[in-house]
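Trainee: Chain by chain, the residues:
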Amino acid sequence: MKLECKHVWEHISEYLDQQLDAKLLKDIENHLENCEVCSAILDSTRNILVLTADDRTYELPVGYSERLHKRLEKTLREEKGSPEKPA
Amino acid sequence: MGVAAEQEKALIGRILAGETELFHELIRPYERMVYLTILTMVRNEAEAEDGAQEVMINAFRHLKSFRGDAKFSTWLVTIAMNEARQRLRKAKMSAQESLDEVPEGKEGDFTPAVLTDWREIPSEALEKKEMRQKLREAVEQLPPIYREVLVLRDLEELNQEETASALGISVTLVKVRLHRARMMLQKLLAPYLNSAAPAKKGFFGRMFQ
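Sequences listed follow chains A and B, in order. FYI, the numbering for the first sequence is 1 to 87, going by our numbering. FYI, the numbering for the second sequence is 1001 to 1209, going by our numbering.
A couple of the hints might just be wrong.
[What the hints assert, rightly or not] Okay, derived cross-link-like pairs now, SDA-like style, lysine to any residue, Cα gap no bigger than 20 Å in a straight line:
| id | chain 1 | residue 1 | chain 2 | residue 2 |
| --- | --- | --- | --- | --- |
| 1 | B | Lys-1129 | A | Leu-60 |
| 2 | A | Lys-80 | B | Glu-1021 |
| 3 | A | Lys-2 | A | Asn-30 |
FYI, nobody ran anything at the bench for these hints, they're computed from the structure.
Chain A on its own, in the form it takes in the complex:
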């Protein structure tokens, strides 16, 4: 079946997550081979998601972990014994 661009766009997310059934996947891949517009949309979306998951995109504040464990230590000390049974 010949797909329209708009129809392909509706399935970009499922395509990236590899959730399309075989038939639709084949139709979309055929379309992508011949359509640079949709290929560009697909690749740009994929690249954005790669960047989203990249550890360097979001950084933790300096000292975050130290402060977190310090506060936890205080809580643990105050609530000696097992969790849910504060002393």
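Let chain A serve as the given structure and place chain B on it in line with the hints.
Mentor: Relative to chain A, chain B alone:
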């Protein structure tokens, strides 16, 4: 259950049995996840850090209620998301805005942007610090119901079922919202992708089949 999950389960058992100092070890792999969940929702670093500390303390206090049927990470991110939503609601309430005032129907425009002079985003462009900044800004602009799904799926890389469970929504809704979130993000970032790519000539003759 994998080896890591087995070890984690054993660790939880020991903590509940009284070796509470092991809690530090238990949460270490999830410090980043918890912080980013709250940061991306509340969009304020100080609040995110305070929220992350609250989440970990709550997790410690309620560790007993963790049932082994879900992953510990999913349980923890659920607490983090609830903390984030609560803080967001509080902030919105003071701004007299409802958290639920977001378009959910089909009337919204969730189509991607067509890139006009684009071949492939050059890796140098993606490496640039500005691009990361633009991405963070674009994520911040997404309405909360879309942002939360995108953050769990694409930033923290939870699977669909874990995301649905953490947000208390169906897998179908996760899929719908994720698709929309991704398309909105693509649209928001398209201007920067366009300018980042070298101009490409002679291809518009066969746009749109």
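Trainee: For each hint, tell me whether it holds in the structure or not.
Mentor: Taking the hints in turn, this is what the structure says about them:
1. B:Lys-1129 with A:Leu-60: holds, 16 Å
2. A:Lys-80 with B:Glu-1021: Holds, because 10 Å separates the two Cα atoms, which is no more than 20 Å.
3. A:Lys-2 with A:Asn-30: This hinted pair holds, its Cα atoms lying about 9 Å apart.
Comparing the model with each earlier hint shows no violations; every hint is respected.
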